[in-house]
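Q: Chains as they are written, first to last, in the working numbering: chain Z, 18 to 333; chain V, 18 to 333; chain D, 18 to 333; chain S, 18 to 333.
Hints in this document: simulated from the structure, not taken from any laboratory.
A couple of the hints might just be wrong.
Repeated chains share a single entry, so a pair holds when one copy, or any two copies, can fit it.
Unchecked claim - Distance condition first, Cα-Cα at most 30 Å in a straight line; then the derived DSSO-like pairs of lysine-lysine: (1) K258 / K178; (2) K258 / K66; (3) K315 / K119; (4) K315 / K178.
Number of protein chains: 4
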Amino acid sequence: MSGLMSTDLFRQPLRGIIPPVITPLSDRDTLDRAALERVLEHMLAGGVKGLFVLGTTGEGPSLSYRLRREVIEMACKVVNHRVPVLVGITDTAFVESVSVAKAAADAGAEAVVLAPPYYLPEGQPELRDYLDHLLPELPLPLFLYNMPSLTKVSYEFDIVKWAMQQPRIVGMKDSSGNMGYFNRLLELRSQRPDWTMVTGPEELLAETVLLGGHGGVNGGANVFPKLYVNLHAAAEAGDLKRTRELHSLVIALASRLYSIGRHSSAVIKGIKCAASCLGLAGDFMAEPFRRFREPERKIVQAAVAELQAALGPLAK
Amino acid sequence: MSGLMSTDLFRQPLRGIIPPVITPLSDRDTLDRAALERVLEHMLAGGVKGLFVLGTTGEGPSLSYRLRREVIEMACKVVNHRVPVLVGITDTAFVESVSVAKAAADAGAEAVVLAPPYYLPEGQPELRDYLDHLLPELPLPLFLYNMPSLTKVSYEFDIVKWAMQQPRIVGMKDSSGNMGYFNRLLELRSQRPDWTMVTGPEELLAETVLLGGHGGVNGGANVFPKLYVNLHAAAEAGDLKRTRELHSLVIALASRLYSIGRHSSAVIKGIKCAASCLGLAGDFMAEPFRRFREPERKIVQAAVAELQAALGPLAK
Amino acid sequence: MSGLMSTDLFRQPLRGIIPPVITPLSDRDTLDRAALERVLEHMLAGGVKGLFVLGTTGEGPSLSYRLRREVIEMACKVVNHRVPVLVGITDTAFVESVSVAKAAADAGAEAVVLAPPYYLPEGQPELRDYLDHLLPELPLPLFLYNMPSLTKVSYEFDIVKWAMQQPRIVGMKDSSGNMGYFNRLLELRSQRPDWTMVTGPEELLAETVLLGGHGGVNGGANVFPKLYVNLHAAAEAGDLKRTRELHSLVIALASRLYSIGRHSSAVIKGIKCAASCLGLAGDFMAEPFRRFREPERKIVQAAVAELQAALGPLAK
Amino acid sequence: MSGLMSTDLFRQPLRGIIPPVITPLSDRDTLDRAALERVLEHMLAGGVKGLFVLGTTGEGPSLSYRLRREVIEMACKVVNHRVPVLVGITDTAFVESVSVAKAAADAGAEAVVLAPPYYLPEGQPELRDYLDHLLPELPLPLFLYNMPSLTKVSYEFDIVKWAMQQPRIVGMKDSSGNMGYFNRLLELRSQRPDWTMVTGPEELLAETVLLGGHGGVNGGANVFPKLYVNLHAAAEAGDLKRTRELHSLVIALASRLYSIGRHSSAVIKGIKCAASCLGLAGDFMAEPFRRFREPERKIVQAAVAELQAALGPLAK
């Protein structure tokens, strides 16, 4: 699949797993380019249907703008349109979001992804005006990214209904964890048949797809992409037995890898540490975060080994 | 099914719909006994598998202790062991919880239901000690009720693992809306095969049951019990097509009835108002809440009519 | 000062220290009557201008209704109108608040104190209706108690303006810690010259009184009443030097006694433990809370000794 | 006062009013340079003792990095060391904070100001490491900016004690509104006599200074600098009567100007609109925010006129 045209690409919902790509770093401002390539190829080999760079898991907000551009260029070059590359452009400054979006278009990315500006919380009418002003400046289709625990502001129901009337907005990644909200939005599918609805938290992937959602932007897919790809396929096919089996494995993974330490960055640390245990990439994190120390790393190492055993061929 | 013994009753998980029963009131301290009977019979006719009185939907905390006892006695008398009656005993005062639990046992209820004390938030070790001290005082089996948005304190993962080792604690109603939490707990089923896991928010009933949960404590079942009973049955049977259809109707109902007004009591007001539109019970609410006024009532009335049309025979 | 008439009592703001009285317990449902008497006499000897029973510090919501009545009766008998006794009637159930208020009037208390019902949060219009319905049922003047961190609901600005037009509502204890809110309300004094504005957090007593507030409902006054009484006097007299000295001691006390342990009940535990170190009362706490264990108690003991040395005659 | 050396400048606490400077904009990426000069001269004429650019009030996070540099250069040029210029460098990306700090040093600013990175919340140990790594990269002395409602993360007590041991960290602006926290920190003055403690919310300026704090970073001083400068002087001199008078005016201003509309940007909108009513600068705001519309503007206009009358010569 090469030479994708963005305008054609999102005529159907994007179905499947679209991992939020970790950003391998040698130090706070140096991309480990070889590692990024390894991680991307690992996920492509696992069957993912898209790749989302510079999201929360990708430590987007912690990276310098120079480095963000390098990530975009490198990812687009490696992926080379085998699947769509989605680029996070969330920022507190309108002008900087546009600037990253342009870099994404220049590099050949297929879409951009935007959570609400997240310093001072804006009202919903202001958020709508903001989107309305931003859309004409964006050279690529836009996915909304709902992440109220980090942005303070949610894309509330009415604003999503408005967004569904904008052809350039093509879907949403919902990381609220609020399936009541997700389910309610899913009911609006008929009004916008090409609209993509995907979920962030991997514990919710099974139910999302069973009830008609299109897929997941699940961090664990950096490490074990086949697990998520196969769970998605089972749920989409309505194979409840297989769905429950693989869902149990995802829950086990999340329980083991994402709850080490008390801080909310624990998920990213767990993913980066697991990727490091597998030799995919180092686990350096940009400030203000730091990698797990030895005791936590040992817990992750043991968990990864057990998960490999449980996953069998899905662990490759 | 008469003469249920509590000790036998919960040897298997309680599967199905266990509505949180509204409390029909003539005024702030007067139970509308005829209406309570009508509501209970309506739900029993709809196929519910249990009835939960004095929960959040039942306005338990707003009622005098005298009135709470009257509700318990009336409900147990009407239901007469056709299905288990579960009684909310959540309170800030240990002694009052025990006292209501004894009234429940005296009246013939089958179990009690307890959310954490909710004025000053306690720590998890304190919550465990509290349960440990409370259990020997309770004459009936206990369901945990997880409702962190109202109680401030959650039954966190470790405390539920501890609870699963207490034979007198037989299950949990989770109203957190957090399916990640729910799914993680569900994975512990094998350790305690008789443990019941049911969900509060009706928007989550379908996915709960598809992934192995046992049922729902869903307020909308006061009004349209057959909708929820049939959705539960479809999901339990793995009939994905029917599950999606009925799930859509539940979402439509929740969207229409529970989001009128800005306050968090909107769900109870919507249920009571809809029940009143159907002639089941008046919609008076104990202070500090008040029934919908005429404009809101008209919205509910229109929604109920549309839902009746959409539900067809399930609306009876 | 005997034979106070409630109607006359609050023609002027209540100025000074009105401690929230701890409830000494022998076990979860047994009042330590001798200890309660000791604590009350200790504070009266220290110069307090009122006594508030069954507040947050008094563990009101954790006590059985029977025990709450015993506390009210005992406190009124011991105090015998030497200063006004204020009784907490906060409850989720309207009828129970009225019932406790009647017990307070029967026992000879001078006023009642009410925070908003705190299970399901009500809207401001509902809260106003609630007060409007409650006022005619109350046999005593009412103080509002603003405590949003525990009740979820605040007495917002407009509702306080409305309350200032109700002659039976005579003042407010603000425990929000929000001096912006407090200062804004203080500016309304001219509209209601008899309205009392007192602060809960003792760290804010000095500034409250310097800027025109009337006093404090400060838990530390159970232990060292003279410290608070003298700080109040210095600030009221505009003696900035002495105010700063005593304020520093209050901050030292709060830093040492109220931050042991991670839970929000730490303040009450610290006060009860310090009272116990001084031999005033035992430190048993009603469930779901528990007294400090030996290591924490040793920290309190050391702090109390240091504070006694620093306070000199004010420690008596 | 020209040719200030940063190393000498902060040997004493910075006492007085240090307004957070608004950023006058012609459009989303165009600085209104003449207006910025007018606003700065207006405040200098009013007697302010420092100027803080690119804070919350200055819409720092909403501005492009190019524009931020322009603001820094313009402010430093206009102020020309008459008072210290403090530059906000808060950012989610370490590298970008350093880059803005270097621009500040190059332009001749005297210090930088930093709130914690604010997308994904970091733990306190991570925050300390972050500061520890950042300090050697900063060419100017650093003020901490505590703003937990926007950054999610607070500089907790222990980290401030650590900061007080770093000679390059010279003080704190606390915008938490939590005077308990502020008062506790103020007690540590003796350990670090040169440490500056100033408050953000202007409703707290009087009490801050009465109890030993050094001043305020108060947005209203963009509009009426003399009011704040005189209030500071009265409180510092211990003139309680004058302090209370001017404090009442500040409360009146805040009540009238900062509570229009429901959103948390209301304070900045009120300040910019009032500045516009006075002809100091336009009220355009960078997305995602927008200026008040005509009805809100009329309310501000009326309030400004009344305040001018009440302030008399202090309104100049």
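Q: Hint by hint, note whether the structure agrees.
A: Hint-by-hint comparison with the structure:
For a Cα distance limit of 30 Å, the shortest separation of K258 from K178 across copies, 26 Å, qualifies, whereas the shortest one inside one copy, 35 Å, does not. Proximity of K258 to K66 under the C-alpha cut-off of 30 Å is found in both arrangements, the shortest distances being 24 Å within a copy and 25 Å between copies. For the identical chains of this complex, K315 and K119 are neighbours neither inside a copy (42 Å) nor across copies (40 Å), given an alpha-carbon limit of 30 Å. Taking identical chains as interchangeable, the C-alpha atoms of K315 and K178 lie at most 30 Å apart only when they sit on different chains, with a minimum of 24 Å there against 47 Å within one chain.
Hint 3 from the list above is the single one not met by this structure.
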